[in-house]
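A.B. asks: Position chain B with the ligands relative to chain A; hints supplied.
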Amino acid sequence: MITFAIVLSIVLLFVILFLLFRIGTLASIFRGSSERAPGTTKTSNRVNSTLLLLFLVGGGAAFIWSFADSWEGMNLPVASVHGTWTDSLFWTTMIVIGIVFAITQVLLFYYSYKYQHKDNKRAYYYPHNNKLEIIWTMIPAVVMALLVFAGWKTWTKITSAAPESAVVVEVMGKQFNWMVRYPGQDGQLGVSKTTLIDATNEFGIDFSDPSAKDDFIPNQIHVPVGKPVLLKIRSRDVIHSVFLPHFRLKMDAVPGMPTSFWFVPTKTTAEMRTETGNPDFNYELACAELCGRGHFAMRFMLVVDEPAEYEAWLAEQKPFVEQNPGVMAKFATEAPQDLALDAKPGEKAEEDKTEL
Amino acid sequence: MSSTDITINQDVHHPHEEHDHHHDQNFIEKYIFSQDHKVIAKQYLITGIAWAFIGGFLSILFRLQLGWPEATFTFLEPILGGWVENGKLNPEFYLALVTMHGTIMVFFVLTAGLSGTFSNFLIPLQIGARDMASGFMNMLSYWIFFISSVIMFLSLFLETGPAAGGWTVYPPLSALPQAIEGSKGGMTMWLISMALFIVSQLLGGVNYITTVINLRTRGMSMTKLPLTIWAFFITAVLGLLAFPVLFSAALLLIFDRSFGTSFFLSDIFIAGEALAHSGGSAILFQHLFWFLGHPEVYIVIMPAFGIVSEVIATNARKPIFGYRAMIGSLLGIAVLSFVVWAHHMFVTGMNPFLGSVFMFLTLIIAVPSAVKVFNWLATLWRGNIRFTTAMMFAVGFVSLFISGGLTGIILGNSALDIQLHDTYFVIAHFHLVMGAAAFFGMFAGVYHWFPKMFGRMMDDKLGFVHFWLTFVAVYLVFMPMHYIGIAGFPRRYYAWTGFEVFNGFTDMNMFISISAILGFSAQFIFLFNFVYSIFRGRKTTLNPWHSNTLEWTTPVNPGHGNWPGEIPAVYRWPYDYSKPGAVEDYIPQNVPFSQTQSSNLPQERDFE
Ligand code: HEM
Ligand SMILES: [Cu+2]
Ligand SMILES: [Cu+2]
Chain A
1 MITFAIVLSI VLLFVILFLL FRIGTLASIF RGSSERAPGT TKTSNRVNST LLLLFLVGGG
61 AAFIWSFADS WEGMNLPVAS VHGTWTDSLF WTTMIVIGIV FAITQVLLFY YSYKYQHKDN
121 KRAYYYPHNN KLEIIWTMIP AVVMALLVFA GWKTWTKITS AAPESAVVVE VMGKQFNWMV
181 RYPGQDGQLG VSKTTLIDAT NEFGIDFSDP SAKDDFIPNQ IHVPVGKPVL LKIRSRDVIH
241 SVFLPHFRLK MDAVPGMPTS FWFVPTKTTA EMRTETGNPD FNYELACAEL CGRGHFAMRF
301 MLVVDEPAEY EAWLAEQKPF VEQNPGVMAK FATEAPQDLA LDAKPGEKAE EDKTEL
Chain B
1001 MSSTDITINQ DVHHPHEEHD HHHDQNFIEK YIFSQDHKVI AKQYLITGIA WAFIGGFLSI
1061 LFRLQLGWPE ATFTFLEPIL GGWVENGKLN PEFYLALVTM HGTIMVFFVL TAGLSGTFSN
1121 FLIPLQIGAR DMASGFMNML SYWIFFISSV IMFLSLFLET GPAAGGWTVY PPLSALPQAI
1181 EGSKGGMTMW LISMALFIVS QLLGGVNYIT TVINLRTRGM SMTKLPLTIW AFFITAVLGL
1241 LAFPVLFSAA LLLIFDRSFG TSFFLSDIFI AGEALAHSGG SAILFQHLFW FLGHPEVYIV
1301 IMPAFGIVSE VIATNARKPI FGYRAMIGSL LGIAVLSFVV WAHHMFVTGM NPFLGSVFMF
1361 LTLIIAVPSA VKVFNWLATL WRGNIRFTTA MMFAVGFVSL FISGGLTGII LGNSALDIQL
1421 HDTYFVIAHF HLVMGAAAFF GMFAGVYHWF PKMFGRMMDD KLGFVHFWLT FVAVYLVFMP
1481 MHYIGIAGFP RRYYAWTGFE VFNGFTDMNM FISISAILGF SAQFIFLFNF VYSIFRGRKT
1541 TLNPWHSNTL EWTTPVNPGH GNWPGEIPAV YRWPYDYSKP GAVEDYIPQN VPFSQTQSSN
1601 LPQERDFE
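Here the protein sequences line up with chains A and B, keeping their order. Each step along the first sequence adds one to the number in our numbering, with nothing skipped, and position 235 is 235. So our numbering is basically just the index in the second sequence, starting at one, shifted up by 1000.
The following block holds chain A by itself, in its conformation from the complex (with noise of 0.2 Å):
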């Protein structure tokens, strides 16, 4: 199918080549020696500078139609507080610049189609104007500040310190899937180190760190609605990038340089399938930076729970030392408390830096 399409589509173009070439050649010699200056030709100009019209008024339409036709595809339901400050900043945006763009595209192809080639007519001659060259510097100058100002009010907020209270997630990015780490009861995340991983841990955490005992790594994310989420985000080979396109979150994995992004979900899973009417429907983490063969297939689900149903869930959880207690054997035969001791200042590495 797809290659007959393709091939269709070359043989028709090289037959409407073929046919201009021909009509033209043939035109060109009925029409004898008389020359006139190119582009001055009556057919030529009135047929493009049509053209262009045409293509404003039926391309205009056609976007027109795709634009409301993609507009259920394109906004996806949003499920964060900073998200709904997102698209409305976004589609105020929009707005502006739709404005701009109509009135300069409707310009552009009307102009060119009134003040097309005529014999009997002379050009304009008017090389500057300073008085409107201020005003259009002036008017894109005084909105770009506006939109920078609305910008920067809510890139703050977003990027502004998480609250004591959030939930911390640790997730990691590794060729190629996502793994997540909680603290556990503690609400500390156990110190991990490159050096530390193998096959079972994957994190390469140190057991031999209190904190460390029960934390747990589970196959989903999942997260109250309603309170604050910490991500702590991480790498261990190249860069991934988090990325949760309900949540408007964005954040890169960085190898050697801890990131984090927090945000407030503000729908349960359970409502997104009520609202969206997809009883399968689930929050998808993607990776959004190109990591290497797998990117496309980093694929991890996130959950939203009801607070009653988080802390159930939490409760359910098994600290990975107790799943695996193959892991603390490397761990028992060196000495815990001097491996504690020496992890302390170790502990910096889960504040996140923030780098240049």
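It should be emphasised that the hints constitute simulated quantities derived from the structure, not laboratory data. Take the hints with a grain of salt, since some may be wrong.
Okay, the calculated bits of chain B under chain A, using three or more residues with CB under 8 Å as the criterion [unchecked claim]:
1. 1215–1224
2. 1248–1261
3. 1380–1389
4. 1434–1443
5. 1462–1471
6. 1542–1549
7. 1568–1582
All residues carry an ideal CB built from backbone N, CA and C; glycine is no exception.
C.D. replies: Showing chain B with the ligands alone in chain A's frame:
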């Protein structure tokens, strides 16, 4: 005073005997290792066209995958060999294709092909010089570019394939051979190729700058330069300042790859082992890369600004509106382009305060860009527009530049970039504003200066068909990409059907792919027209477009040295179109004021 006695000395007679200052040249000296800027320009052009077809073809290959994710393409097996298995593109080869497509288009087509062709061809001809300051360096710059591009292309035939980390080659992906097949030999070749390319750019750029500064003919002050020359000049300055930074980044990357340094590498566990690196920063590379990378997109688009200004003024038969503002905005854009690089990095975890600063600077750059658009519109206003093919492409350029430029205002806003970064919204934005628009500038230039290059005209009718198919296809390809991008559809995805959130876009993707195939096929019309017209096109007259600039005062086929006799002196700016009182609607730059009537006062008078 009557205006009828104004004569425009167009058909300056030229001595018949070949006034060749240079010794007899054989074929190799004349066409291969030529030091004549006009020949070098043609070499750049033809090489650029070849790369454009290859780069375009690669995009069609990966568009097949994106448009029909479930289909099998057994017919690709003979072409691509092991990279296609059972009719499915290998996901890693997909990434290699994307990388090669981007690299070829940005560097080999739109930097070397566009700037190389027109800077070389027009700088000496429009400023009234016999050649570039150093013909030898100029030749060297072309040949180094050629070798660099061949090295890049040959990486396609490596067993492990070409570089596959995107044209931005971010480490650690590009630094660690164990991270991805494309980080093995392919990446090494990418870096070698790029290093050579930068050398070629610097050789070329130094030449352009020196030539513009030193070799202008009598009377050609900086404020009488055509806007093309201004644009090429500023582009060369940008390249000279920006490319060395990429060079250093590439050098550090080579060190990290081969000599165990850790500039960009830190604690990493990959392919089953923890590496010995520590302390480096992957983000540092991004800063260095985009310090070139962002000016680079202006290096790509700026020559097109110049060409389009020239073509619009000539064909609207009007002076370009706001000549000084046009130069000012070029300078403004050039300066600002160096201080906005980190808008590519809003979500890398950099300091949010810096994010605000870069948002501010980024949105400011919209102002000079807006001035350019308004000035082009004002130039069309009350014109007497001749729709040559070049003019069609120039009008198309303005339309695309508006469409693509405006979405930059969205992406430059850091809060909005969170959702849109690395999605198809970005792909749509930059393809319109620098991909397609720069190509349109290039087409406008080729159709406009073809008669000067080859002494013949390209066929208009084929040109119009080429324009219309391309123009419509470009919008059909890139408009829908915005829609899926707003929904977050990620770029550099081999397949998306695994995600519920993205898999609703099957029809849209197919539509985009079909439009891309149509648009690509339309380029064969251009190719045919181009090649055919070189040999069989209509012979041109001396100044077919009735243009004011100096290149149209040379013989139809100028020899080495450009003007057989003396170089004409310049008396006026290049935009004396439709001056009130003049007989003709154009007065070339070399027409002295004494030959004209009171209406043809020096342009300075117009600048009260
Ligand atoms: C035949 C017309 C073209 C089509 C259909 C096309 C299509 C595409 C698509 C779909 C992608 C994204 C692939 C992905 O992210 O998975 C892409 C990437 C890219 N294209 Fe094009 N493109 C075309 C022409 C151009 C031109 C003229 C330029 C010149 C600026 C260009 C420069 C790029 C760059 C820089 C990338 C990014 C590569 C990367 O992500 O590493 N393309 N192209
Ligand atoms: Cu990833
Ligand atoms: Cu990825």
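A.B. asks: Each hint needs a verdict: does it hold in this structure or not?
C.D. replies: Tested hints:
1. Chain A is given as covering the segment 1215–1224 of chain B, and this is violated because 0 residues of the stretch bring a CB closer than 8 Å to a CB of that chain, at least three being needed.
2. Using a Cβ-Cβ cut-off of 8 Å, 0 residues of the segment 1248–1261 of chain B lie near chain A, which falls short of the minimum of three, so the contact claim is violated.
3. Evaluation of the coverage hint for the segment 1380–1389 of chain B: fulfilled, as 9 residues show C-beta separations to chain A shorter than 8 Å, against a requirement of three.
4. Counting residues of the segment 1434–1443 of chain B whose C-beta lies closer than 8 Å to any C-beta of chain A gives 0; at least three are required, and the coverage claim is violated.
5. Under a criterion of three residues with beta carbons nearer than 8 Å to beta carbons of chain A, the stated coverage of the segment 1462–1471 of chain B is upheld, 6 such residues being counted.
6. Closer than 8 Å: that is the beta-carbon criterion, and the segment 1542–1549 of chain B has 3 residues meeting it against chain A, so the requirement of 3 holds.
7. Here's how the segment 1568–1582 of chain B fares: 5 of its residues keep a CB closer than 8 Å to some CB of chain A, so the rule of at least three is met and the hint holds.
Hint compliance for this structure: hints 1, 2 and 4 are broken, all remaining hints hold.
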